[in-house]
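Quick mapping for you: the protein sequence lines, in order, are chains X and Y.
For the first sequence, the numbering used here begins at 1 and goes up steadily by one.
For the second sequence, the numbering used here begins at 1001 and goes up steadily by one.
Don't read these hints as lab results, they were simulated from the structure.
Don't take every hint at face value.
Here are the simulated PhoX-like pairs of lysine-lysine, each with C-alpha atoms no more than 25 Å apart in a straight line [said to hold, decoys possible]:
{"hint": "1", "chain 1": "X", "residue 1": "Lys-85", "chain 2": "Y", "residue 2": "Lys-1509"}
{"hint": "2", "chain 1": "Y", "residue 1": "Lys-1309", "chain 2": "X", "residue 2": "Lys-41"}
{"hint": "3", "chain 1": "X", "residue 1": "Lys-9", "chain 2": "Y", "residue 2": "Lys-1509"}
{"hint": "4", "chain 1": "X", "residue 1": "Lys-4", "chain 2": "Y", "residue 2": "Lys-1323"}
{"hint": "5", "chain 1": "Y", "residue 1": "Lys-1494", "chain 2": "X", "residue 2": "Lys-85"}
{"hint": "6", "chain 1": "X", "residue 1": "Lys-118", "chain 2": "Y", "residue 2": "Lys-1509"}
{"hint": "7", "chain 1": "X", "residue 1": "Lys-88", "chain 2": "Y", "residue 2": "Lys-1509"}
{"hint": "8", "chain 1": "X", "residue 1": "Lys-133", "chain 2": "Y", "residue 2": "Lys-1309"}
{"hint": "9", "chain 1": "X", "residue 1": "Lys-482", "chain 2": "Y", "residue 2": "Lys-1309"}
{"hint": "10", "chain 1": "X", "residue 1": "Lys-88", "chain 2": "Y", "residue 2": "Lys-1493"}
{"hint": "11", "chain 1": "X", "residue 1": "Lys-190", "chain 2": "Y", "residue 2": "Lys-1309"}
{"hint": "12", "chain 1": "X", "residue 1": "Lys-312", "chain 2": "Y", "residue 2": "Lys-1309"}
{"hint": "13", "chain 1": "X", "residue 1": "Lys-88", "chain 2": "Y", "residue 2": "Lys-1494"}
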Amino acid sequence: MNEKMIKFKIDGNEVEVKAGETILDGARKLGIDIPTLCFLKEINEVGACRMCLVEVEGARGLVTSCVYPATEGMIVKTNTPEVNKSRKMTLELLLSNHNKKCLTCVRNTNCELQNLSKRFGLEDIRFAGEMTKAVIDESSKCIERDTSKCILCGRCVSICSNVQTVSALTRVQRGFNTYVGIAEDMEIAKSTCVGCGQCVVNCPTGALKEKDVISEVIEMINDPEKIVIVQTAPSIRAALGEEFGMPIGTLVEGQMVTALKRAGFNKIFDTDFAADVTIMEEGTEFLQRLEKNENIPMITSCSSGWITFAEKFFPDLLPHLSTSKSPMSIMGTLIKTDYAKREKIDPSKIYSVAIMPCSAKKAEIVRPELEIEGRRVIDAVLTTRELARMLKQLNIDIAVLPDSEFDNPLGEATGAGHIFGVTGGVMEAALRTINKKLTGETINDIAFETLRGKQGIKEAKIKVAGKELNIAVAQGLGNCRKLLEEIADGKSKYHFIEVMTCPGGCIMGGGQPIKSPYELARLNVPALRAKAIYKADEKARFRISCDSESVKKLYDEFLGEPNGKKAHELLHTSYNKQEVYMKE
Amino acid sequence: MKKTSEELEQIRNSMKEQMKNIRIMICAGTGCTSSKSDVIIDNLKKIAAERNLKGITVSKTGCFGFCAKGPIVVIEPEGTFYEKVKPEDAEEIIIAIENNTYVERLMAKEEEKLVEKWNELNFYNKQKRLALKNCGYINPEEIDEYLAVDGYKALEKVLKEYSGDDVIKIISESGLRGRGGAGFPTGKKWMFAKAVENEIKYVACNADEGDPGAFMDRSILEGDPHSVLEAMAIAGYTIGSNQGYIYVRAEYPIAVNRLKKAIKDAKEYGLLGENILGSNFSFDIEIKLGAGAFVCGEETALINSIEGKRGEPRPRPPFPAAKGIFNQPTLLNNVETYANIPSIILKGSDWYNGIGTETSKGTKVFALGGNINNVGLVEVPMGVTLKEIVEDIGGGVPGNKKFKAAQTGGPSGGCIPASLINTKIDYESLAEIGSMMGSGGLIIMDESKCMVNLAKFFLEFTVEESCGKCTPCRIGTKRMHEILSRIIEGEGKKGDIELLEELANSIRKSSLCGLGQTAPNPILSTLKYFREEYEAHINDKKCPAGECKKLLDIIIDPDKCKECGLCTKVCPTNAIDGEVRKGPFKINQEKCIKCEACVAKCPFNAISK
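Chain Y on its own, in the form it takes in the complex (with noise of 0.2 Å):
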């Protein structure tokens, strides 16, 4: 059934009276999933019901972003914060509600203390939660707990208030730009589409997500469709358009499935489809899966997918604004993007335009990976610095490491040396240092970590990511990716530096999109910060971090070595010679694979790289 205005509002109060009862809210995005937080849902509710409790409710919510320590478990409203919750640990929680007490071995312990609620972690202390601000407080699947946080306002406001124009002067103002990587001001690209005039006009979402372990997207629209829906039909209606598309990659079922039911809900109370709230304006939303290929997370390629064609890039101009989905008018932004906008019309634009730097507003969410305690999901101000992400947010590099590098903007971006730590996190500090902001891959690399490896690490994913339309990009990568793996297995020669550089900038000037402009990224970044590392492989047959095996000698130290011959019994090639007591044994580096199954076992710590 529609609903009207007062319905909705009738809805939000119940619903806001409702969400003050408890509320144990389970993480049931794909991390949490896949440990089986479903499970532990199942169990909540059936031992709910079996001690017959009252007055609370077991409901799946968003991502909570603390990865490393989920399955999570967070029992609102008072915030109690369990980590690492197993299936049977469910009983016990109930106890703890019906005592009104905690399940203290469930609860997280910083500075040796119990932290009783989740924003008390330092997890979040740093951080500002808007894009995700629902993600793990409302149930994704409960359209009337999106309207109980004041959601479908906004729409509502621009649909009785505001002209497309008002639209696009707070979205101006509030200083957004886009997420998707290259943070192009979000009003200007809004007001490009809204000025081309034409009766059939898409607004389209960039859901393809596709940085190696990436997910921050995935995590929106699995916490919290709905924002990104609002947001898409207040596009919709300020640049003059009725129909959207969501593109996204069939490899996030439990997204699709979500905003399938989203979108089914949303027009059932007629916040999508004809005459949405009783106004002219009608807007319906299609998805349309993606098969996951990386490229066609550019906006042209991605409009050739949906339109059923080959997922390549076209030459631009003409831009989508002009020319997009189907040759109509198009403007396409990135989830993340939308699901900044409901906030900024409720809040204004000088709310959001008071968070940040001077040119970059608001926040960022970065899925934040690699040699890191706290995986997970963060969203921070723009202008923290890496140091803060890292120490504070992070929890520092894991294994008394040194923290060494770290990559943003995945396989388009560069990296970060220990050096610039203090970089501030906004687009332009990172551009300027030869990394870029990217749409949130944020990979923190430790000392073991060899440098040369990491870049050929990034040009495979662009080499089986190329989509071979334009020849730098699709030769050019391959030829990149050639010269790093001959430097890696030691057989680097003089002027492959020169060669590298030299192709590595031709690709970045002359391929045709995104994806190959930036595939050098990695190579030329970590060409600047870490040269020494290439020429060590290349000059001395070296890897100073020592993780490239063929250039790796594991030596027996004589003066160590107890002639026990325990390590010849686990090397799976015969590569060590010598005789138990007469005298030390020795490793035939033509036959060694650097297993390092004899480093692990010699007893007296006599075999090393």
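Chain X on its own, in the form it takes in the complex (with noise of 0.2 Å):
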């Protein structure tokens, strides 16, 4: 179909856009960046923020490029001196009603209303009245919210319900007064909220931020009488050098890993190698499912915000959940009982932490069900942000670092553990598996080119051993929504499903390096991080996770069979309902 093409002027500039792009999408393809503060494209075109006026010949009053759709022939100015008065007047006003500590705001030079009061030379704030009054919100294990930073841009909220259909931030109040807050003014901890911290990840300002703990951290990397290990997860090695002004998508495993081992971390393992156990249990655990027709269709079970989504809003299909524990609690778990025992190690001393592309690990590690001898398995989540400054204030520069290899036993990962951070990444790697032990064949690239890309809900029909399996891959939990609606509704088609809480996978986790709206316009930066993780599928020795001699040494001497009796105690978990807005 040919699709009707829009032909216009942009300061002078001719450029052409499809039929239904605005203003501001002619004006980016021109390489001409309009500032805008509350757009995301096809998640808050609000119009709200009133930066990205512009002014259209014959148009009355000033046009909000962001959402003000081409017309043809159409003559757009961005930078007239009345546009750039109108915007100045817009920051001022913001700034006004701003806490301006930006000197300790965790958003420091990567915040995008600092970007733009350097950018538009504002020299005072002309305004010194009122502020609307802060909410300042600790309650959760995951996130921090201070509204004083808030500038309502409104994509926290959009991105919460509309994206993510949890609904848990919502504006409260009008006018002058109006924040983001909870219902009922909760804190969010009793909200439906599941840390995923897609809020923060597209939060302008420094008004919502991971919960920090860099500093318990290196205290506990001082402290002689810890033994300080380490895991990481699959993701970080495909986002922590852009926090170091490496290109996004430089693989850097080698170099974090050099990067650990100078922080002071006794051992470094890899994630990637407890994904291999997931799968081995995973993969288990879905044929006998399979076999006895028994909660079908199975539910991956390694998002941690997924989790708490489900025993917030679908309780009643908590069976159709994997019960194998995330390869970070597996790999916690490993390194507290196998591990210690191995390297005469009492497990109380050991201080064990994850970098997680990810918020909501930090809730995960704090579960009940997860505990082995009444101890957490896990003591500490840093997200890659969380790390990349903690390397900093220890004077590590990773980009200059020569490369290291991870620590045995618990370091040598497959290819197929590594894809774990891309979304359909576990799907792909279970059923690399799951052929392998149905058929004994080696297929590497049941890389189903379907599973991979950005569509929110994928799925394949395809065969395994003469079986007929309908799976499907959901990132984002409005499409999980949708996939787990048709399950309450009996009319679920699919065997297996994978889910991912954050749009893009963890790769774009809410942990992950922040990018602005409009890098992430310019750049596909999903594709470039995923790239780099599925380089280093490519540079694995194995490529699945039962070939891995590592994977088969831990099953003989220390776990017996997948999804056998002691390989369940240590490496299953259960679920449960969770209430949420309950008052006291």
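Both chains are given apart, each in its own frame, so use the hints to dock them into the complex.
Right, here's the structure in full:
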């Protein structure tokens, strides 16, 4: 089909866009960076901040370029004195109601408001009036809110409501008193929030941030009594470099390991290895369920936000979740059991840290169901961003470091473990092993192309050992919700579903480096980060989890059979309904 | 039971006959009801029954408009006008009817003469009641009475004789423009809504009247709800919609209840619902209650609110005609606009086009308030001057004070200074002088009113009513209000006026919706006509009108002071120094809170501001 194209001019430059596309779309094509604050393509198209106003010949007043559809022959001017005056005034107003403690803000130098203030050369805030009453909420294990830094762009609210369908955040009050809050003014911990952190990565300022535990980790490293062990999730190596000025999509696995060693961690293990173990467990579990035709479809369980989502919104469907623990918790369990025993370490002396692309993982570690002998298996989760900040505090610049290798025995991962970080990756990893187990064949490219990529729900029909399986991959909780509703209605045709809480999967997780909407529009960040992960997959010695010698050894010497008695006891968990908005 | 055209005609005829008898009409609008007009109705009915009076009806009706004189009772068909009636006057009124006389003490006096009929009052002389024509004439809760004044005849005519395009042609040629404030040509709006092809379309009525002190729409809904329903059905037929919504404030309980009754009655007669009057056209209307947020009068915020979302505007385009309620094409008009439609259909576009000015046709209803003798609801042909409204209809400014300015358009509008009192009331003339027609608020100020304070009053309203979605309105209106407050408190600085102007102009251009875009108008227009008042507040720390307390010095004239000390007894803050018979008293300005108690107390008029 021939799409209708529209030609128009911006600042004298001709540009062509598809019918329905906006002035802003055209401008970005031309490399004209019209400033925006509230705009998030397809997510928050509300025209609220008024930064993107432009002049259109013949139009009454200024025009909101982010939502205004381009029309044939339209003449747009983005930088007239009047437009600039209006932008400066809007900025000045925003700053007049903003907590301007930039130097001590986590987003210092990576703040969209700060950047615009610098860019437009604001010299003075002439309005020194009342400030909107601030709400500071530190109730959550994952996320902290400080509305004194909020500019009410509404991006967090839209992500939370429209994309994740969690609707924990909403605008409360009206006019100058408006703030982003929680229903009935409760704390976020009591809300439907699942801790995914998509609000954080989409916040232009420091109004939302992850709960920072850097000091605690540094303190533990400095404690001679403690053995501090760290594990890193698949997606960290594909994004950490960005925080050190490296191009998006740079794979920094080896440099990251060196940095962690220099930081003083006693052992550096790879969560990807635990992902291989997850596959052994989940794959076996799936085959068993399939055989008994019980709780099909089975849904993956590695994404923490997703678990909370299911517990809060779909408690009746919890039996569909795989009982396998997440790779992080499996690694944590192995460290404080098998590894501790082998190395003759008192597990109470181990301080176990996980570097995760995720803020929801901060809540996972305190789940009582995951404790072993009354002890948490992970003691702290740092997001990718926290790790970068911590390394910088410790004078470490990974960009210039040589490579090192993970420690053994929990450091050798297969390609299947690596691709856990991308949407479709868990499914692909599982299918590689399931196929091998059923057929004995090694097929590395059950890399079903349909499972990769960015659609919200991907599905495929595949034949494994003569069996036809309907599988689906969902990313973003709104898409997960659709699949769950099908199950609830008894209409689901699937056997196996992979879900990832965050749109784009872990590489775009709530704990990953924050990119501005302008960067996200210009560069395909998810694809670039995914490329790094697939590179790691290709480089791996083994690409199927069950081929891994370390995995085999672990089962032979410690766990026994996958999903067997010991494995079940240590590597599987249970889920429970979570109440929300309960008053004390 | 559904009625056929013939049956409706029969009802019309028999009701017309009935209405030739004596009818005692009592205003049952919100204002008169709060002055016990409901008790008056009960008493009149009771006494009429007791005295076995035959052939008369006692019924409630809509607003007569002359609210200053309420509760009002009019006796039709003579048109006898009784003002400020009390429940205990009922008996006298009934006896007068029996004896074919008047209750003179309840009648209005003008130029020392009793006025016999309501339409002979000066207040009504220069008015032309079209939208309000049935308010005060029929019982709004009786569909038969609406039928008797040719109600639903326009709908019938449209269904039988006209295509949608015919209707649009008539409306367009009539020159009717939206009465909600902006004055967009109604015919054009209907044309856009018709042109969009879609299976589902909606017709909506904006009854979210929000100007402080305005009650035009409320009065129409309370006094003539069927006219709005009929017009909405006509609109539905025209654009191809089967569903209407009336968005009305929950604070208008009488209007809501009468609308509910009217919808129920119209459905019973088959004038709403499936296959209206045997045609293929079906149309239903649902009432949606609003919580009274001013911004929900803005069309896209209203649509959000109908959908159950936060009452916040959406960016346009898409306009409601393309994507409105639940993203379906929606035609949205204001109550008063709809109220004009049935008459235009029945009497034709030429008739309507003949009223008003070149570009502003028909009439406009205003809620006249403030420092004016005849507070009330007035409907005037477009093109009358402000002077005619203030002096002839409004009866001038009370208390021998001078007219200073008028504010049209409420918090979105601007002021008209006394020097422009001859300005014609039409869309263009008002826009030209920096004001606007608005939805019909018309507030009169006398010389004792400070214009800086007036601007602050309206800003207080917009700050309160801003939805908070866009930056300029959310923060900007607050900052403007803060600057105004400091000027009024005597803390104005050099440069404040310029900063205020810069901010106001920026907010006007950069706000998302009409609320923000017009919020600076009260400031800009008072700055335009009364800049010197702002300057006096800032430079001389004086309020020329003497209204701003902080800038007021209350002074005892030592020559007039008799040293009696009475003033010290009433001063709540012990701000007056002196001893009896030991020299004139003196006010300590630091302590004085400008309550003026001493001014009132001084027997020698020695204290003044």
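Structure-based check of each hint:
Between Lys-85 (chain X) and Lys-1509 (chain Y), the direct Cα distance comes to roughly 11 Å. Compliance with the 25 Å bound is thereby established for this hinted pair. Note on Lys-1309 (chain Y) and Lys-41 (chain X): the hinted pairing holds, with a Cα-Cα distance of about 21 Å set against a maximum of 25 Å. A distance of roughly 22 Å separates the Cα atoms of Lys-9 (chain X) and Lys-1509 (chain Y); the hinted pair therefore holds under the 25 Å criterion. At roughly 21 Å between alpha-carbon atoms, Lys-4 (chain X) and Lys-1323 (chain Y) fall within 25 Å of each other, so this suggested pair holds.
Proximity of Lys-1494 (chain Y) to Lys-85 (chain X) is assessed by CA-CA distance (about 22 Å); at most 25 Å being required, the pair is judged to hold. About 23 Å separates the Cα atoms of Lys-118 (chain X) and Lys-1509 (chain Y), which keeps this hinted pair within 25 Å; it holds. For the hint linking Lys-88 (chain X) to Lys-1509 (chain Y), the alpha-carbon distance of about 13 Å falls within 25 Å, and the restraint holds. Restraint check for Lys-133 (chain X) and Lys-1309 (chain Y): the C-alpha separation of about 24 Å stays at or below 25 Å, so the hint holds.
Between Lys-482 (chain X) and Lys-1309 (chain Y) the alpha-carbon distance is near 22 Å, which keeps this suggested pair within the 25 Å criterion. Proximity of Lys-88 (chain X) to Lys-1493 (chain Y) is assessed by CA-CA distance (about 22 Å); at most 25 Å being required, the pair is judged to hold. In summary, the hint linking Lys-190 (chain X) to Lys-1309 (chain Y) is supported, as the alpha carbons are separated by about 23 Å, within the 25 Å threshold. Taking the CA atoms of Lys-312 (chain X) and Lys-1309 (chain Y), the gap is about 23 Å. The hint holds against a cut of 25 Å.
Between Lys-88 (chain X) and Lys-1494 (chain Y) the CA atoms are separated by roughly 22 Å; this keeps the pair inside 25 Å, and the hint holds.
Violation of the numbered hints given earlier is absent; every hint is satisfied by the structure.
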